[in-house]
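*Asks:* Listed below, chain by chain, are the residues.
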Amino acid sequence: MYTYICENSIDGILTGVYDAYADRYPRNEIHLQAHEPDNLSLFTQYLPVKADHEKAVKVARTLKSRFGQEFYETIYQAAMSGEVKGKSTIDKADAIYGTISLALACGDGTKTLLSLGEPCVYRVFELCRATGKEAMHLLGFVRFQELENGILFSSIHPKHHVLPILGEHFSDRLPEENFMIYDETRQIAVLHPAHKSFFLADTDNLDVAQTKHFSAEEAHFQSLWITFFRNITIEARKNAGLQSQMIPKRFQRDVLEFQAS
Amino acid sequence: MELCIQSDLMEKLAILTDAAKYDVACTSSGVDRAGRGHGMGNALAPGICHSFAGDGRCISLLKILMTNHCIYNCAYCQNNCNNDLPRATFTPDEICTLVTQFYRRNYIEGLFLSSGIVDSPDRTMELLFQTLYLLRRRYDFNGYIHVKAIPGSSPQLLEYTGYLADRMSINLELPTAEGLRTLAPCKNRKTILRPMRQIQNGIQAGALLESHELSAPSSHSLSAAVRFAGIDPRQKRFVPAGQSTQMIIGATPENDYQIMKVTESLYDRFALKRVFFSTFVNLTGDDTLPAPAATPALLREHRLYQADWLLRYYHFRADELLDETRPDFNVYLDPKCDWALRHLELFPVEINRAAYQTLLRVPGIGYLSARRIVAARRTGLLDFEDLKKIGVVLKRALYFITCKGRMMYPVRIEEDYITRQLLTDKTQIPKEIRHAGYEQLSLFDTAFLGINQAV
Ligand code: SF4
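Taken in order, these protein sequences are the chains called A and B. Mapping to my numbering: the first sequence position 173 is 173, numbers consecutive. Mapping to my numbering: the second sequence position 182 is 182, numbers consecutive.
If you're looking for bench data, these hints aren't it; they were derived computationally from the structure. Do not take every clue at face value.
For lysine-lysine, the following BS3-like pairs were computed, each having C-alpha atoms within a straight-line distance of at most 25 Å [said to hold, decoys possible]:
| no. | chain 1 | residue 1 | chain 2 | residue 2 |
| --- | --- | --- | --- | --- |
| 1 | A | K133 | B | K389 |
| 2 | A | K133 | B | K388 |
| 3 | A | K159 | B | K389 |
| 4 | A | K111 | B | K404 |
| 5 | B | K404 | B | K426 |
Ranges between beta-carbon positions, derived for each pair [as the list claims (entries may be wrong)]:
| no. | chain 1 | residue 1 | chain 2 | residue 2 | range |
| --- | --- | --- | --- | --- | --- |
| 6 | B | G405 | A | N28 | 47 to 55 Å |
| 7 | B | H315 | A | G107 | 31 to 39 Å |
| 8 | A | P119 | B | R378 | 18 to 26 Å |
Beta carbons: idealized from backbone N, C-alpha and C, even for Gly.
In isolation and in its complexed conformation, chain A is listed as follows:
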């Protein structure tokens, strides 16, 4: 058995796929995982993979040209999932590798994603759906606060690595704003300077104190919003259970109107 240990990122996983193909070990003896092994097995050879952007791009290009953009996006979104390993589920990297090798092996790989009966395809489908769902939620639940220096700042605690999706959405939506969304769990941020493209950065140098200095108007608009939020409720139909079901508690901590009580 050969197990490739990849870095938990799209580059890391796709490099793993590249290396696994380059090494030409028998297909059924290969596994990928995106985390350090828990218990080493005697009969397995562990192969550390060094993430290599060039190799990842080559794999990505092959996937897009042979199986279409949608196929690639599904793989990409699955790779961004924070559910790396589960007790009873296939490892994220292994599911991606398995799905790609199925697609490469059959005549028409564009249909591979429909074979939900295949465990690794189903796993990729689940991972992709979970990431997409959280990103969709956060497109709505992100709250910006205007800092003294005019920057719109937001901090979030997502399960999955959704910043690239958020960056794309908000830079299209707010082209004239300087904004920053800070993923506190992963300690990275997406930054968007007005009229430029967004980029990801780690936040070692983030001055947390500065993110608490709000502009003069900020408090005013926050209380206007909270006024709206309270008054839009139909009291006769109060339903806290439904509310928490629709906006789960784990999001509420970062959403302005659920903090003020």
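Since the structure of chain A is provided, determine the placement of chain B with the ligand on it from the hints.
*Replies:* Just chain B with the ligand, lined up with the frame of chain A:
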């Protein structure tokens, strides 16, 4: 001074939110529009929910009235001129400030703007138009806008406004002309249906132009709008997210069959995107009207929405679901289960062979699942395990399907038996209504339901 202005705006917002909250439509769906590199805003076809209110409803748009002053006296409406309550009016600039400042903080997806009638329908529509114009032009706002069209206002004003909005709606108010006459004597069916027709024609003309690559706009009314509002129809379509309407349920005695027939003809004849139902809440304390909405009324509303989905996505006709002899939905079952139980002769259907249209009619199979089934069975025969993964709700579907010729369990295909089984499934009553404290007990009281006789 500054402070005084601020608290004044706060008070207006409180009053005009309160006044708008019974309007049910809040979706920001129906249009995909990329940002333009300046100003702010884009739109996503599925819409985005930004928050959920204390009643569990989605908050997507800043839903407000421009003013809650009104010269009319619709009996079901808290803003009616005979009602004694605090009144307020926004200036167009105040609305624009709220929208853009909320939008850049990502509180909202856009604006939902309605209004009481000030002076006349035309004057009111003009103010709405001005607000939208300012928001689009001066504030460079490219996000979602849903605006009410005021019945009885001039077609031209309506057209100008339509080029600035994404969605327009005119409330049908009550399911029948009769109901309208008794409860909203200032309105009539004609002044409601005429602008609805105009918007429909406008949308269709726009689509036609678009399909001809939109050279120069040919109809002269279009160029009037262009001249007046400085709108370039190549950039802005007329009501691109379509029109919707809503009607109040329970204030007048119409049955479900009448309501579904009206709904169907609104889709067929006016090409509406959505018909919303709003359970009547007695806000004016008028004791000739029904009492405040109780949970069974919400359950009825829920069944109407389910049936509405069956019309829009599942190719059902109102006449298949109900008829004169059976004019109301069984509130304890979802309308699709209810329909299937009355057509057991059509079941079970074989998952690996049944046509897409047939799959759509199976309880527990949604249209997404039906599509996935059709796609997945091309690569191999499906079994119950596969259906689970696809997202089929087996505990509902199992009475109506076979996989490879087998049913999941040996079940009797017999109406009473299946009905009772389906009723033990508590998801027949949606979570939101169970959360609201719906009495479980009556659900199992089969005698009360009269299962043995007629379900
Ligand atoms: S026209 Fe009728 S429904 Fe509209 S605000 Fe006035 S009273 Fe209310």
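*Asks:* Could you run down the list of hints and mark each one as holding or not?
*Replies:* We went through each hint and held it up to the structure:
1. Restraint check for K133(A) and K389(B): the C-alpha separation of about 17 Å stays at or below 25 Å, so the hint holds.
2. Restraint check for K133(A) and K388(B): satisfied, since their Cα atoms lie roughly 19 Å apart, inside the 25 Å limit.
3. Our distance criterion of 25 Å between C-alpha atoms is met by K159(A) and K389(B), whose separation comes to about 23 Å.
4. Among the hinted pairs, K111(A) with K404(B) is consistent with the structure: their alpha-carbon atoms are about 23 Å apart, no more than 25 Å.
5. For the suggested pair K404(B) and K426(B), the alpha carbons sit about 29 Å apart, so the restraint of at most 25 Å is broken.
6. Distance hint for G405(B) and N28(A): a CB-CB separation of about 33 Å, inconsistent with the stated range 47 to 55 Å.
7. Judged by the Cβ atoms, the range 31 to 39 Å given for H315(B) and G107(A) holds: they are separated by roughly 34 Å.
8. Checked against the given bound of 18 to 26 Å, the beta carbons of P119(A) and R378(B), roughly 19 Å apart, stay inside it.
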